[in-house]
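Undergrad: Chains R and L, in that order, give the protein sequences. Just so we're aligned: 350 in the numbering used here is position 350 of the first sequence, and the numbers increase by one with no gaps anywhere. Just so we're aligned: 19 in the numbering used here is position 19 of the second sequence, and the numbers increase by one with no gaps anywhere.
Calculated from the structure, these hints are not laboratory results. Every residue, glycine too, gets a C-beta built ideally from N, C-alpha and C. Keep in mind that a hint or two might mislead.
Said to hold, decoys possible - Label-pair ranges, simulated between beta-carbon atoms:
1) G143/L to T34/R: 25 to 31 Å
2) L45/L to T107/R: 43 to 49 Å
3) S110/R to T118/L: 55 to 61 Å
4) T119/R to G39/L: 47 to 53 Å
5) G82/R to R32/L: 53 to 59 Å
6) V60/L to A75/R: 51 to 57 Å
7) A218/R to D99/L: 36 to 42 Å
8) T118/L to Q78/R: 47 to 53 Å
9) N38/L to A105/R: 36 to 42 Å
10) A207/R to A40/L: 32 to 38 Å
11) T222/R to G39/L: 20 to 26 Å
12) A40/L to T119/R: 40 to 46 Å
13) Q78/R to A121/L: 50 to 56 Å
14) A105/R to D99/L: 48 to 54 Å
Said to hold, decoys possible - So the derived list for chain L, only partly shown, Cβ under 10 Å to chain R, looks like this:
15) V50
16) V84
17) F134
Stated by the list, open to error - Rough simulated footprint, nothing fancy, chain L against chain R, three-plus residues with beta-carbon under 8 Å:
18) 39-47
19) 51-57
20) 61-73
21) 203-210
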Amino acid sequence: MKNIKRYGAAASMLAVAAGTATPASAAGTTAGTTITNNVTVSYQVGGVSQTNLSTSTAFTVDRRVNFTVAEEGNATTQVSPGQAAAVTSFIVTNTSNAPLDFALAVTNRSGGTAAHGGTDNFDLTNLRMFADTNGNGIYNPGVDLQITYLDQIAADASARVFVVVDIPLGRATNDVAGVRLTGTAAEATAVGSLGAVVTQTAGANTAGIDTVFADTTADGNTARDGIHFDEDDYTVLAAALTATKTSRIVSDPLNGTSNPKMIPGAVVEYCISAANAAGGATATNVGISDTLPATTTYEPTFGVLVNGTMTGSTCNADGAIAGAHASGVVSGTIPSVTAGDVRTVLFRVTIN
Amino acid sequence: MKLLLILLAFFLPSAALAQDQVALTSEVFVERTTTDANGASRVSLEPPGVVTPGDRLVFVLTYRNNGASPAADFAVTNPIPESVVFAGTESAGAVYSVDGGRTWGALAALTIPAADGTSRAATLADVTHVRWRFAQAIPPGNGGQLRFRGTVK
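Construct the entire structure; sequences and hints are all you get.
TA: Spelled out as structure tokens, the structure:
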């Protein structure tokens with residue numbers, strides 16, 4: 001604090017004060033700003049106006065380091081087992097009254113209740129962070145650049161960080177993996193490089209700009225440590241497929257289609273059904289292959305009917321001829337089986 | 001301007017100081033609320049050491065008539081510093097300006113024009129200047145204190 005006594009006209013003091021206004025902002029007055037209070041006395045002695053007397057006092061606004069890391073949106077991200085590059089996004093907002101860099105780290109949650117209520121029961125792989133380089137709010141592979149820190153975030157400014165992970169294979173529907181993005185306040189010393197981690201000014205106030213941590217306990221954070229994190233999670237939606245093979249005798253050479261028997265020359269129809277359990281994800285490109293019994297011969301005039309339906313336990317012959325037969329193996333690919341649905345591959349053989 | 005005024009003070013010592021029969025000091029304190037071990041909160045005024053946005057300030061103006069004659073038509077004018085939002089005064093008799101010192105009045109009598117031609121009642125946060133004008137002359141040897149509050153933007 002300094003006290004300056006000065007002598008001058010009150011009119012000039014007013015001119016200085018008029019027309020100066022700092023725009024209101026969440027971050028507040030920039031660190032290092034000097035706040036000067038000027039006061040003026042006017043008076044008369046013996047009916048004569050005396051020279052105005054002015055005095056002022058000034059102090060420096062210190063640096064309040066505060067920022068938030070917040071998940072963007074408020075819902076889990078649905079993923080498939082084995083999915084590569086599953087994306088969640090976070091917003092880092094600098095509410096300090098000075099520009100800062102932020103060191104970033106992304107980690108797996110270790111058990112417990114994840115951000116959106118499920119129980120964390122597996123870990124993600126290949127955790128990476130990307131900037132929203134083109135600023136469109138969507139992760140664009142090859143365009144958005146991988147980062148480990150945020151550079152030069154101005155007071156009141158924010159930046160989006162994409163967390164991109166891979167989902168392991170073999171996870172079941174409603175498996176949950178939590179992920180945490182942690183930001184650490186760092187000095188915005190130079191453009192293009194991460195500055196030193198910010199430390200609070202220890203001990204007594206200094207004449208220069210002191211640093212005070214002001215980050216809060218929101219989302220389970222520790223208050224006033226210059227570190228803030230938030231969590232999001234991924235929930236698996238898997239397809240649970242069950243394959244079933246059934247057969248029926250269509251005809252035999254003696255009885256025809258009337259009560260046919262399993263004798264040489266009889267025609268047998270095989271139905272392989274792929275059922276997808278309710279509540280899961282749609283399974284696509286479901287490949288079916290079946291090796292024929294040695295004592296049978298593939299019936300080429302019937303073909304392989306793919307993507308047929310079932311009525312109860314009966315396979316309908318309503319698939320399209322899309323499968324193949326080669327070297328005693330029948331194969332077909334069902335384009336998609338939605339949750340709760342069943343689709344079939346149907347073909348016929350003759351008993352040798 | 002500051003340098004010029006200081007130089008003027010050097011070059012006109014006899015004339016200026018002869019008239020300087022009034023003493024005036026301005027101080028600023030930061031109001032801190034601390035909670036003690038028993039959970040009771042305690043408010044203290046501290047020198048403006050570590051000051052960050054949102055801190056509450058108390059400005060204390062001390063005046064005294066050191067001369068031999070009464071100081072009449074005594075007025076203390078304090079523009080609210082940039083980066084400070086005015087938060088009221090406990091010292092009676094204040095008048096306010098919300099337009100940079102052009103017009104003055106009780107806060108309830110002041111309005112802020114809006115862009116669409118209408119106006120609204122002024123609030124504490126609109127105050128640009130505060131002034132105390134004393135009806136009575138300050139007798140020799142007498143003085144007092146004025147206080148007002150503000151918040152760091």
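Undergrad: All hints are to be evaluated individually against the structure, with a verdict given for each.
TA: Going through the hints against the structure:
1. Here the CB-CB span from G143/L to T34/R is close to 28 Å, well matched to the stated 25 to 31 Å.
2. A C-beta distance of roughly 45 Å is found between L45/L and T107/R, which places it inside the suggested range of 43 to 49 Å.
3. A beta carbon spacing of about 59 Å between S110/R and T118/L agrees with the range 55 to 61 Å that was offered as a hint.
4. At roughly 37 Å, the beta-carbon separation of T119/R and G39/L lies outside the given 47 to 53 Å, and the hint is violated.
5. Here the CB-CB span from G82/R to R32/L is close to 57 Å, well matched to the stated 53 to 59 Å.
6. Distance hint check: the CB atoms of V60/L and A75/R are about 53 Å apart, consistent with the given range 51 to 57 Å.
7. For A218/R and D99/L, the Cβ-Cβ distance of about 40 Å falls inside the hinted range of 36 to 42 Å, so the restraint holds.
8. Evaluation of the 47 to 53 Å hint for T118/L and Q78/R yields a pass: the beta carbon distance comes to about 51 Å.
9. At about 40 Å, the beta-carbon gap between N38/L and A105/R stays in the expected band of 36 to 42 Å.
10. Look at A207/R against A40/L: about 34 Å separates their beta carbons, and that is inside 32 to 38 Å.
11. For the pair T222/R and G39/L, the beta carbons lie near 22 Å from each other, so the given range of 20 to 26 Å is met.
12. Checked against the given bound of 40 to 46 Å, the beta carbons of A40/L and T119/R, roughly 42 Å apart, stay inside it.
13. Look at Q78/R against A121/L: about 52 Å separates their beta carbons, and that is inside 50 to 56 Å.
14. Here the CB-CB span from A105/R to D99/L is close to 51 Å, well matched to the stated 48 to 54 Å.
15. For V50/L, the interface hint holds, the least distance from its beta-carbon to any beta-carbon of chain R being 5 Å, beneath 10 Å.
16. Hint status for V84/L: holds, given a least beta-carbon distance of 6 Å to chain R, under 10 Å.
17. For F134/L, the shortest C-beta to C-beta distance to chain R is roughly 9 Å, which falls under 10 Å, so the interface hint holds.
18. Evaluation of the coverage hint for the region 39-47 of chain R: fulfilled, as 9 residues show C-beta separations to chain L shorter than 8 Å, against a requirement of three.
19. Counting residues of the region 51-57 of chain R whose beta carbon lies closer than 8 Å to any beta carbon of chain L gives 6, which meets the minimum of three for the stated coverage.
20. Counting residues of the region 61-73 of chain R whose beta carbon lies closer than 8 Å to any beta carbon of chain L gives 4, which meets the minimum of three for the stated coverage.
21. With a threshold of 8 Å between beta carbons, the proposed coverage of the region 203-210 of chain R by chain L holds, since 3 of its residues qualify and at least three are required.
When each numbered hint is compared with the structure, a violation occurs for hint 4 only.
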